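Add chain B to chain A, keeping to what the hints say.
There are 2 protein chains.
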Amino acid sequence: MTNETIMHQLNHRTIRAFKPTNLSAEQLNTLYSVASHTPTSMFMQQMSIMHITDPDKRAAIREISKQPYVGANGDLFIFLVDLYRNQQIRQQKGKDDGRLHTADIFFQGLDDAIMAAQNVITAAESMGLGVVPLGSIKNDPQKIIEVLNLPKMTFPVLGLQIGVPDQEPQLKPRLPLKFIAFNNNYPKEIKFSDLSDYDQEVTTYYDLRDTNQRSDSFTNQIAGAKLERHYTKRDEIMKILHQQGLCTDEGID
Amino acid sequence: MTNETIMHQLNHRTIRAFKPTNLSAEQLNTLYSVASHTPTSMFMQQMSIMHITDPDKRAAIREISKQPYVGANGDLFIFLVDLYRNQQIRQQKGKDDGRLHTADIFFQGLDDAIMAAQNVITAAESMGLGVVPLGSIKNDPQKIIEVLNLPKMTFPVLGLQIGVPDQEPQLKPRLPLKFIAFNNNYPKEIKFSDLSDYDQEVTTYYDLRDTNQRSDSFTNQIAGAKLERHYTKRDEIMKILHQQGLCTDEGID
Chain A
1 MTNETIMHQL NHRTIRAFKP TNLSAEQLNT LYSVASHTPT SMFMQQMSIM
51 HITDPDKRAA IREISKQPYV GANGDLFIFL VDLYRNQQIR QQKGKDDGRL
101 HTADIFFQGL DDAIMAAQNV ITAAESMGLG VVPLGSIKND PQKIIEVLNL
151 PKMTFPVLGL QIGVPDQEPQ LKPRLPLKFI AFNNNYPKEI KFSDLSDYDQ
201 EVTTYYDLRD TNQRSDSFTN QIAGAKLERH YTKRDEIMKI LHQQGLCTDE
251 GID
Chain B
1 MTNETIMHQL NHRTIRAFKP TNLSAEQLNT LYSVASHTPT SMFMQQMSIM
51 HITDPDKRAA IREISKQPYV GANGDLFIFL VDLYRNQQIR QQKGKDDGRL
101 HTADIFFQGL DDAIMAAQNV ITAAESMGLG VVPLGSIKND PQKIIEVLNL
151 PKMTFPVLGL QIGVPDQEPQ LKPRLPLKFI AFNNNYPKEI KFSDLSDYDQ
201 EVTTYYDLRD TNQRSDSFTN QIAGAKLERH YTKRDEIMKI LHQQGLCTDE
251 GID
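So the protein sequences, as listed, match chains A and B.
Reading the first sequence from the start, the letters are residues 1 to 253 in the UniProt record's numbering.
Reading the second sequence from the start, the letters are residues 1 to 253 in the UniProt record's numbering.
Heads up, none of these hints are tricks.
A pair counts as met if it fits within one copy or between any two copies, since identical chains are not told apart.
Derived lysine-lysine pairs resembling DSBU-like cross-links, with alpha carbons at most 30 Å apart:
| no. | residue 1 | residue 2 |
| --- | --- | --- |
| 1 | Lys57 | Lys239 |
| 2 | Lys233 | Lys95 |
| 3 | Lys152 | Lys239 |
| 4 | Lys239 | Lys95 |
| 5 | Lys239 | Lys143 |
| 6 | Lys57 | Lys188 |
| 7 | Lys93 | Lys172 |
| 8 | Lys143 | Lys66 |
| 9 | Lys19 | Lys178 |
| 10 | Lys191 | Lys57 |
| 11 | Lys226 | Lys57 |
| 12 | Lys178 | Lys188 |
| 13 | Lys143 | Lys191 |
| 14 | Lys152 | Lys233 |
| 15 | Lys66 | Lys172 |
| 16 | Lys19 | Lys143 |
| 17 | Lys95 | Lys178 |
| 18 | Lys226 | Lys95 |
| 19 | Lys188 | Lys172 |
| 20 | Lys178 | Lys226 |
| 21 | Lys188 | Lys93 |
| 22 | Lys66 | Lys95 |
| 23 | Lys143 | Lys188 |
| 24 | Lys188 | Lys239 |
| 25 | Lys178 | Lys93 |
| 26 | Lys178 | Lys152 |
| 27 | Lys239 | Lys226 |
| 28 | Lys226 | Lys143 |
Simulated from the structure, these hints should not be mistaken for laboratory data.
Computed from a predicted model, the values in this text were never measured in an experiment.
Chain A with its partners taken away, still in its complex shape (with noise of 0.2 Å):
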């Protein structure tokens, strides 16, 4: 069972090179569109986009990413929570805030950006463009927010280059559908030996890829040093996430 938009999300796979082009204007406006066409929590439309143009703010995001292809070639966004839109129209119509710093909102504003943020990944592969999304933009949360200016009640949450493909990565595998998806019931006794094909499957991906970082298996990686204590400045989110007004309230008891 597949079709056009099936077949471009089932090869998915992270671009990271691009040609140096940009994006038509008529491209970024169908792009916005899908985006503000996208699901939003309870009507609220609680999300905004960035598109960083200026030389030296790409300069500022990659010294935060620390991905040499981030505000390279390709169009970077930054996709933001946005409370400060709805908080400004309750004050101009004289209400306070309401529940606007509650983490329940947040959240909702979160979905709304994620959301968002994964139909224009689905746009673009569409358009034949390839995509990176940028978890990376949060290293250092109170940086990001200085580099972009942006008041509180916002926080960005990911960023997206976008731009002509200039690799053709192979398709990373990805985990056992039984794995992933249940019925009714949550298997809380997984049997990981059945992971060792899953394993083998994804060290040969990685002994196959052009340029060759990693080379363990899902496991190894899982067990390794991405998940190990260390300190990193992406550990301030939440204080930063208070620090600009948002999640900070308990609502009423």
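Frame of chain A; chain B shown alone:
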């Protein structure tokens, strides 16, 4: 600039009434495959999907969501942030939980789950199916965890009800792009007089809608009841997240 995929994305509307049929095994498999090929932060694959067919569980979830269409016609799915799987992998490899309890890693799992949900929405709509996203499963975070009998290190973040549409609602007008997409600088000075045309558009949409529940402008909705302070179990979300062992750890200073 459009194609089949983008046409569907721009025509997204929430479907709340479905015909009394269920998805085929092939359709299910396609939707799960699309979910599994969604971008995943640091390749950690920290989301899972539950397909709820059990009538008692469906009734219990409908009770939580307080929406009559939840668990009625159509197929019901719950998307989880799932750090349990990786915790089990680490334990079976003799490792401690490492960074799994940090806010950072929780948010990465949340991105995984929400992006997968949006990808499934797009795939379902491309197949001619309709979808309603169910943020309402979080109306009682403790209760939904009990109903699904979830282990610690998991959290249900979004439901989707998917089926063959039995209604043709109109397209709901979204904020004009100039209010959500910005070049380099976030516009802190928003002219809300510019929103009056959009407010009128939203009011007209409600006037024309068949099942007319609201007939209020966008800014009146934002200034109105849904963002007013009131008691709701939704505000237990951080407490229940912590109870699940998620987002408890501020990392290493």
